[in-house]
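Colleague: Letter by letter, the chains look like this.
Number of protein chains: 2
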Amino acid sequence: MTDSTGESLLDVVAAGLRAIGFIERSGIEPLEARPGHVVLRAPAEPNVNHFGTMYAGALYTLGECIGGALFRTSFDTTAWFPLVTGSTIRFTKIALGDITAEARLHEDEIARILSDAEATGKGSWDLEVPLLDSGGDVVATYTGHYQMRPMGSLT
Amino acid sequence: MTDSTGESLLDVVAAGLRAIGFIERSGIEPLEARPGHVVLRAPAEPNVNHFGTMYAGALYTLGECIGGALFRTSFDTTAWFPLVTGSTIRFTKIALGDITAEARLHEDEIARILSDAEATGKGSWDLEVPLLDSGGDVVATYTGHYQMRPMGSLT
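Listed in order, the protein sequences are those of chains W and Z.
Residue numbers in the first sequence follow the numbering used here, run continuously in steps of one, and reach 144 at the last position.
Residue numbers in the second sequence follow the numbering used here, run continuously in steps of one, and reach 144 at the last position.
If you are wondering where the hints come from, they were derived from the structure by calculation, not from laboratory data.
In this text, all values refer to a predicted model and were calculated from it rather than measured experimentally.
Each hint should be verified, as a subset may be incorrect.
If several chains are the same, the list does not tell them apart, and a pair holds so long as it fits within one copy or across any two.
Restricting the straight-line Cα-Cα distance to at most 25 Å, the calculated cross-link-like pairs of lysine to aspartate or glutamate (DMTMM-like) are [stated by the list, open to error]:
1. Lys82 to Glu107
2. Lys111 to Glu13
3. Lys111 to Glu18
4. Lys82 to Glu96
5. Lys82 to Glu117
6. Lys82 to Asp105
7. Lys82 to Asp115
8. Lys111 to Asp87
9. Lys111 to Glu34
10. Lys82 to Asp0
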């Protein structure tokens, strides 16, 4: 990624992931970050279970944290914060090697969420994220329900 | 826990958790382990997010790994292995401090799962696990779908 906006968002997303030690220890890092578009990778090594496949909790974490990463590329993080209210994950294939996840928020959806949040104090969105092995096969599908609220309103 | 069977099962469960580095790094450990009954604790410190509350991925991991822990107290781990096919987690309260999870498999259910596995090669069960703060309030509810299969049959 060579454009300065892209590089800056990549730094913003990487810093957001590092701010949570649990995520940092998993080695999850952004490969791409643009407004409303993020690609993350979870490396195999720190996340394998005793069968040598990626542990379910690591796959869940990869799916979950892309919600916060997308938030950082899409909204003013000095005014709003994201939270997850619930998630589902379905495991469909043995997860071998590094696993990647890609997610998008369309600009119309970003505008709708911001409008809802400004009107009601809460903006909600759902995110479905396929988790892929290096061959492009879906190893799991993560679905998360997210909200953003005004900074300082955590109760 | 003073009876020797209980102490031994506690060691078995602790060893099972330590076998997955991702879980070990979260500091999750068993408080109680009896046949068909496990209590686990996730300490706050390695698992907090940037708000000082327990990160969603840590809460998910606490719920998920109790399925494997219960398996170890209930079945012959030299003949069978467990896997998770899917899970859901609902977050209901800000998770402050250490969080505990308790789960049980009734002996009739253990017998049914083993019978299914011997007959078909797969024994399935669902597990609903409330995650509790130190005041006993539910901070999240984890639901997991588990299977056990004959050792060596992972495909």
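Colleague: So, for every hint listed, does it hold in this structure?
Modeller: We went through each hint and held it up to the structure:
Taking the closest pair of Cα atoms, Lys82 and Glu107 come within 25 Å of each other only across two copies (23 Å); inside a single copy the shortest separation is 41 Å, beyond that limit. Within a single copy, Lys111 and Glu13 get their C-alpha atoms no closer than 28 Å, and across copies no closer than 36 Å, so neither meets the 25 Å cut-off. In this homomeric assembly, Lys111 and Glu18 never come within 25 Å of each other (Cα to Cα): the closest approach is 28 Å inside a single copy and 36 Å across copies. Within a single copy, Lys82 and Glu96 get their C-alpha atoms no closer than 32 Å, and across copies no closer than 31 Å, so neither meets the 25 Å cut-off.
When the C-alpha separation of Lys82 and Glu117 is checked against a cutoff of 25 Å, the pair qualifies both within a copy, at 17 Å, and between copies, at 23 Å. Taking identical chains as interchangeable, the C-alpha atoms of Lys82 and Asp105 lie at most 25 Å apart only when they sit on different chains, with a minimum of 22 Å there against 37 Å within one chain. In this assembly of identical chains, Lys82 and Asp115 lie within 25 Å of each other by CA distance both inside one copy and across copies; the values are 23 Å within and 20 Å between. In this homomeric assembly, Lys111 and Asp87 never come within 25 Å of each other (Cα to Cα): the closest approach is 35 Å inside a single copy and 28 Å across copies.
Proximity of Lys111 and Glu34 under a CA criterion of 25 Å is satisfied in neither setting, with 38 Å inside one chain copy and 29 Å between copies. Taking CA atoms no more than 25 Å apart as the test, Lys82 paired with Asp0 passes in neither setting, with 32 Å inside one copy and 31 Å between copies.
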